[in-house]
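S.K.: With the hints as constraints, model all of the structure from the sequences given.
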Amino acid sequence: TLLIRRPLLAAGGTAAVLFGGGDVLAQQAFEKRGRNHDYARTARLTFYGGASNQIAFPLAKLFAGVIFSVCMTRWYSFLNSLKFATPRRALAARVALDQLVLTPVAVPFFYGSMSILEGKPHEAIDRIRAVYFSTLVRNWGVFLPMQILNFAIVPPHLRFVFVSAVSLFWNAYLSASNAANARQVRRDAEKELVEVV
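Just so you know, we're using my numbering here: the sequence shown kicks off at 1 and counts up by one.
Don't take each hint at face value.
Claimed, not checked - Now the in silico label distances, taken between C-beta atoms and shown as ranges: (1) Val137 to Val194: 25 to 35 Å; (2) Asn80 to Val137: 25 to 35 Å; (3) His157 to Gly119: 12 to 22 Å; (4) Arg187 to Tyr132: 35 to 45 Å; (5) Ala43 to Glu195: 30 to 40 Å; (6) Thr86 to Ala40: 16 to 26 Å; (7) Leu144 to Pro121: 43 to 53 Å.
Hints were generated in silico from the structure; no laboratory data involved. Cβ atoms here follow ideal geometry from the backbone N, Cα and C, with glycine treated the same way.
M.R.: Here's what the structure looks like:
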């Protein structure tokens with residue numbers, strides 16, 4: 001299958017569709033934007049999800065190796081390569097590494113990447129500070145049980161796809177959270193500017 005022969009290409013396409021789809025879901029179902037859909041926002045989320053050195057996005061070479069699909073494909077390859085004495089130890093170690101090593105880094109990476117892709121890198125630190133802990137806790141609530149299932153029963157070459165499928169609604173949450181957080185950071189900055197003047 002494509003997942004085995006070309007894992008970065010398959011993962012990139014899957015993640016691009018699911019991140020873009022998550023944003024469409026966020027804008028239309030949660031935010032009720034209708035015809036005021038922010039297509040640039042959808043494009044940013046799609047790019048974040050799918051950019052890899054094997055997909056022809058104009059900026060892909062800039063982000064090669066650091067955007068979601070490439071990172072996650074390599075992360076799962078690493079986790080799958082680890083050897084353990086028993087299946088239970090393998091499950092516990094993989095879930096712990098995923099949730100206690102990767103997730104605390106992935107959350108600020110997402111919000112920082114969105115700030116940069118929006119052309120507002122100066123907002124990255126404030127955005128991350130505002131939502132880091134709440135996003136991390138919500139992530140654990142969704143992905144801790146999901147990763148237990150993933151590492152316990154899903155074949156290794158399908159783990160990224162399983163996570164991506166579950167992620168559709170998580171991506172919608174991230175998109176809505178990022179948009180709301182960006183608006184709040186801008187309001188706070190404008191308020192501080194008015195107070196200074």
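S.K.: Each of the hints needs a verdict: does it hold here or not?
M.R.: Each hint tested on the structure:
no. : hint                         : result
1   : Val137 to Val194: 25 to 35 Å : holds (33 Å)
2   : Asn80 to Val137: 25 to 35 Å  : holds (27 Å)
3   : His157 to Gly119: 12 to 22 Å : violated (37 Å)
4   : Arg187 to Tyr132: 35 to 45 Å : violated (19 Å)
5   : Ala43 to Glu195: 30 to 40 Å  : holds (35 Å)
6   : Thr86 to Ala40: 16 to 26 Å   : violated (49 Å)
7   : Leu144 to Pro121: 43 to 53 Å : violated (31 Å)
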